[in-house]
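These protein sequence lines are chains D and G, in that order. Per my numbering, the very first residue in the first sequence carries number 13; after that it's consecutive. Per my numbering, the very first residue in the second sequence carries number 873; after that it's consecutive.
In case anyone wonders, no lab produced these hints; they're calculated from the structure. Quick reminder that beta carbons are idealized off the backbone N, C-alpha and C, glycines included. Keep in mind that a hint or two might mislead.
[Unchecked claim] Label pairs and their calculated CB-CB ranges: (1) D/Pro60 x G/Thr1052: 34 to 40 Å; (2) G/Lys1086 x D/Lys106: 34 to 40 Å; (3) D/Met377 x G/Lys1086: 47 to 53 Å; (4) G/Asn1074 x D/Glu68: 40 to 46 Å; (5) D/Gly135 x G/Asp1018: 26 to 32 Å; (6) G/Thr1048 x D/Gln333: 54 to 60 Å.
[Unchecked claim] Here are the simulated DSS-like pairs of lysine-lysine, each with C-alpha atoms no more than 25 Å apart in a straight line: (7) G/Lys1086 x D/Lys106; (8) G/Lys1028 x D/Lys49; (9) D/Lys270 x D/Lys244; (10) D/Lys106 x G/Lys1044; (11) D/Lys134 x G/Lys1044; (12) G/Lys1044 x D/Lys142; (13) G/Lys1076 x D/Lys108; (14) G/Lys1070 x D/Lys48; (15) G/Lys1044 x G/Lys1071; (16) D/Lys106 x G/Lys1028; (17) D/Lys163 x D/Lys67; (18) G/Lys1070 x G/Lys1086; (19) D/Lys134 x G/Lys1086; (20) G/Lys1071 x D/Lys48; (21) D/Lys108 x G/Lys1070; (22) G/Lys1028 x D/Lys108; (23) G/Lys1095 x D/Lys108; (24) D/Lys263 x D/Lys350; (25) D/Lys49 x G/Lys1070; (26) D/Lys134 x G/Lys1049; (27) D/Lys48 x G/Lys1028; (28) G/Lys1076 x D/Lys84.
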Amino acid sequence: MFQIQRTTLVALALVSSVARADEPTSGSIIEVSGQKKGLYPIAAPMAPEGDAVAKEIANVESFDMSVAGPFKVVDPASFLANLKEEGLGIEVQKWKDVGAYGVMKYKVSGGNVEFRLYEMSKGNTPSLTKTYPLGKDVRTVVHRWCNEVVKYYTGEPGFFGSKIAFTAKGKGTSAIYAMDFDGQNAYVVSHNSSTNILPSWSPSGGQIAYTSFMRDNPDLYISGAGGGRPKKLSGQRGMNTGASWSPDGSKIALTLSKDGNPEIYVINASDGSIVRRITNDKAIDTSPSWSPDGGSIAFVSDRNGGPQIFVVSANGGSARQVSFNGSYNTTPTWSPAKGKHVIAYTTRDGGSYDIVTLDLDTKNMVRITQNEGQNEEPAFSPNGQAIAFARAGAGVFIAKSDGQGGKAIKVWSGSATGVDWGPAPKD
Amino acid sequence: MKDAEIQTISLIGTVVLTAALFAPVVWLVPKAEAHEPELKEMETIEASLAYRKTPQKQPQKRLKAADPVEKPEGVSRDENKKVDKKDEEKKPKKDDQDPLAKFKHPQDDDSPTGKPVTDIGQFNGDEKGFADETKGDPWMQQLAADLNYTPPEIAKGNGVPVGCVRLNADGKISDTKFFTRTDDDLQTAAEAAIAGLKKIRNDKPVEVPTHLLKITTRWLCFKFNVRPS
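Isolated chain G (complex conformation):
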């Protein structure tokens, strides 16, 4: 083949290959944009905060049963007979020792090692419960608390804005977006809340727990309701 023919074939080949590669791009982009999730398709996470009510005595967990009265073993029926001290002091054989003993910590058992941080179902003073009874993941609850969504008392509007964030694994907010805008004071309050959250979390990131990464790296949305006062 002559050089000119080679050039022509080469050019045609380039055009065909380029068209073949760009066509899916052009087709896929709007398709991908159209795949913004519908709110109704989203999973709802319970992260509502528990608010302090009248302090109530919650059922207390028994940390350890009372020690039973030790009775010496043996064939003798005389309960007052002392056990041979030699047996007590006899060192265990090497094979009898717990091979995992060095991995155990004093806290591994349920012995009271100090004042418990809190009791189940009680509040820790932050107006945010963290026991099972208070529902929700603590990390999510803290995230919702950091939003600090408090519209002014005379704020106008009845809308429910939906604002979303995406977080990196390190806890920083990479992106924000509003899926539902209400164009009232509540929207302004929601935007301020999202902006405030972004500042808090980007200034002092709180690492995302591994089990939540799947959620936080996609759109994590807040539905801004107003609680009656």
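For reference, chain D alone in the conformation it holds in the complex:
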């Protein structure tokens, strides 16, 4: 009898538990409408080897992706995954749990480095895989990989591996410098003891134009991007300043004051001969910037009072004012982003100088800097996703051009002005 009772009790217990199970028989739906906005969280964990090369690769990856534009790098302190066990693979849920949408992995072996990009939505199959020979220049290899990652997500290559030129101020003198966009490998371009200002990269990246007082007059010179003996391109009486190359590299817009008043001119990049005069106004017209489509030139003029940004056809004609905020706006530069008509410039807001962008189509303004010192002379990255600028007495900084991503990152310390960002590196 005891056996019967025990068996019966077990069976009854089972039935009872099934009867209590809360199986869904119906439900309700809430329609949620989210908006795509914000940055894409991507993780760049260091390979488990943890040696100097592994550290450098992880550091460069993290830096590149943090300034790339639409990304934010997940804090390594939050990682839950066992990197040693994972190796080049991935345990998706552990990365999802720390909020990562993408994870960049790599492994160095046999003189090569294999990179993998995983997307959490695609599980443990890598979305992108690249292998490069690992020479002495580890940074360049990582920049190439990060460019591929940015291209995978945005369709546009990244700007990693590009260079920035700027004027470094010394005691009573100033020199043209160039460096990697992340502040590494800085070198002098202008080898003279005079004052050298306002560098401008040629579209090919092979040359830099700048104004030098080496023969007392502010003349325009061109030198190789690596430095070397400069060639005088424009030595008109008075100012020969603020060079801006046409997109095809055949012409240069600049300010000449040969007739007394500073005006915008276009000269041939090959011999410095004047092609045409763009402005003709009794006001001061300076700081030309050629649009990426080659059709327009933005410049600064005080013809309506204080200095404001104007845009004129590259063939000349009447100029239209495009900046209307405040009473002091200078140093315009065009975004190279395709399909957009955006300029960045320096604006005076109260007692401080800040960088803003202005969409000429939508009139939408984005503030890039605020309450962070005196900022001036912006320059867009080759893909338009970042802006470099000089901060008085502090150095050269990089910020995301959409205004997201928090504070700007310092890439060069010192007294700098006249920042210009070179073209994208060639593979």
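Chain G: place on chain D using the hints.
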């Protein structure tokens, strides 16, 4: 009967009874699993959030009509004649007193007792309206708001994941599940939203209003759409 016979009958009885009890169990379990609700069978709840637009002056509710001019009652036609104060000061009889007076509160009438929290149809600063005009139950709206579903700007995918939660009466989330998976970045964003909601609601539970218990104790699902920017 001998002991052996008793044991045999007992064993047979046990087997029969066990079979009789287990058969429905085996049959019912897959049946119950098969009864997962089809999305099309689910009830749709309006809990969309109202987003702040250009502030507009909404029709204002009249809280109280202007007090009429009091006129003394009486047969006299002389409007300036004062009413006998004795009548005014006369205390009401016990039977005349409102027996429910002690249960009434100053707020029971529509007299302005202070600045109203908000006007009908206006927003309270949380980008979440809570008047009738803004639709939806406030508790549901807050739940949807706590989801904070914001896929990154470069998120890939066009799918519409459907993720569900079940809540206890105390407001804690007991279970989560995805009825529709899209295997794209929007799925990752939806999973992050559900995980975030679970953390928020389990750390600081918001008790489920009684009238919603019937809904929240079953699968309460979120259809993750993307609003054009």
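Next on the checklist: Checking each numbered hint in turn, tell me which of them this model violates, lowest number first.
Outcome noted: Structure breaks hints 7, 11, 12, 19 and 28.
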